[in-house]
Amino acid sequence: MLTVATARRNALYCVAAFFMLSLVLGCGKEYRFIKAASFKGPRGISITFAGPVDEKWAKDQANYSINEKTDPDIYLRIAAISLRPDRLSVTITLEEDINQKATHTLAIKGIVSEGRNMGSAIVDVKKFYLGYLLSILMGAMIINNFVFTKYLGLCVFFGTSQKKSTAIGMGITFTIVMVASAMMSWFLYQFVLKPFRLDFLQIVVFIGLVSLSVQAVDTILRKVNPVLFKAFGVYLVLVIANCIIIAVPLILADNEYNAIESLMLALGAGLGFLIALFLMSSVRERIELADVPPTFKGLPIAFILGGLFALSFMGFSGMSLF
Amino acid sequence: MKARKKTNSELFFNGILNENPIFRLALSMCPAVGISTTVMNGVLLGTAVLFVQVFSSCTIAAIKNYIHPRIRIPTYTLTIATWVTVIDLMLAAYVPEAYKEMGIFVKLIVAFAIITMRLETFACRNPVGASFWDGIGMGLGFTFGMMALGLVRELLGMGTILGYDVLGFRPLLFFVLPAAGFFCVGLMMAIFNYMEIVYNRRKKV
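Chains F and V supply the protein sequences, listed in that same order.
Read in our numbering, the first sequence has 62 at position 62, and its numbers run on one by one without any break.
Numbers given in our numbering equal positions in the second sequence, counted from 1, plus 322.
Please note that the accuracy of each hint is not assured.
Below, a sample of chain V positions facing chain F; criterion: calculated Cβ distance under 10 Å [as the list claims (entries may be wrong)]: (1) A354; (2) I357; (3) I402; (4) F427; (5) M510.
FYI, nobody ran anything at the bench for these hints, they're computed from the structure.
Note that this is a predicted model, so its numbers are computed, not measured.
For glycine and all other residues, C-beta sits at the position ideal for the given N, C-alpha and C.
Chain F on its own, in the form it takes in the complex:
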């Protein structure tokens, strides 16, 4: 019992470490005099300066030009500009709603602060990056749960969801292998397959990488931590038979995510599988005691339960965070 507890704690530390790393790397870069620029409401963009700016300069619409980064020719029209009393932040209101999914470029001409010219600045305005990462994570985990809304990994899902302990073990093992293999395949795709125009080999390369990483985790775990291996070793073989593990690298290759976004998606996919397994195993443990008609015993009733879960997960569809 103690060994399982240690193993679980170690696995939790791993997950926490990955999350902290992404928090540190997730901060974007900013221009010197402009402290922050962000969307405010459906039509507004707010800019925070490092020092107080002159009111006459700030209220002049000709000093600002805004466009979507992908369309440099189309400038968005400004309806009004307001300056806060402390003269530290300006809110620009546009005539039309902003497409907040796109990155906007904001050019500010000759900033005047306390009579001194601070020069011009060009800043990118985009959605809070950490929030974007979090929305990828939550999206893969719950809103687009791979098991209940994309119907992947069902063989392993129904095979290992009979007992809670098995479900948790499988889920954690899967998450670790998922993150490791997704990062490797992202790296290989971006730096080897794409530059050499070998895209068509992606299936062969990804499945090879998955088998390789499973084998590597197996060997390393056996030598480094036999206790952990005893707890999770049995699930490693099953990981290869899970379609999610090959689906995630393919999705990453299609969507051109960067490293941190890929990490988030892989983590979300793994945790989502863990959640699905845990939910299902809790219900199946209860249904062991129930009086199920003989024709529905075993897999059929499990499928019906899966259908009920899928129906309830449909409630999350279309939700968006941040």
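Based on the hints, put chain V in the right spot on chain F.
Relative to the frame of chain F, chain V by itself:
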């Protein structure tokens, strides 16, 4: 392995009835739930699986004497991946619309348990000819399973078969919902179980 050698027709029907991949072996459930909304999808994906199964079975049966037992699983995986790539590129070139509809599932054939299982249990111990027939049987069994599910879901959900309006109304719109795939597979399995129970009871009496 077995006392009596099976004839080719027995191998062929084994895959379709006795060891039907979807309803009897309960393998490759993801596509059965995911894209069994229409008969056409079932036919297309089934054909793709059929080709991959037959080609990989024949390849493994042909080179089985040169594979070291310890690396046999990676060899199977790479063989399947190669054939899946071939089929994937061919479908993308010749039937682009249907390919788009099936989405990622064509590429995911590489992770279908049924193909690896047939290579492991059959193709690595039998000659090319027998493996060929076994592969065809398994592929057709999968196709029929997918088609049966697609038929039920398309008929009940949209009142059509293969896109042609048959009923003129929509009996149970619920079956078009993606989540209904689970219910459909569950109910089908229950029907198969029921038939088996009735059959066994008759045999006893």
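- Going by Cβ atoms only, is V:M510 closer than 10 Å to chain F? Holds, about 8 Å.
- Under 10 Å, Cβ to Cβ, is where V:I357 needs to be relative to chain F, so tell me if that hint holds or is violated. Given a least distance of 8 Å, the restraint on V:I357 holds.
- V:A354 as chain F interface residue, shortest Cβ-Cβ below 10 Å: 8 Å, holds
- Message: Let's test the interface hint: is any C-beta of chain F closer than 10 Å to that of V:F427?
- Response: 9 Å, holds
- Can the hint on V:I402 be confirmed by a CB-to-CB distance to chain F that is less than 10 Å? 8 Å, holds
Going down the numbered hints, you'll see the structure goes against none, and every one checks out.
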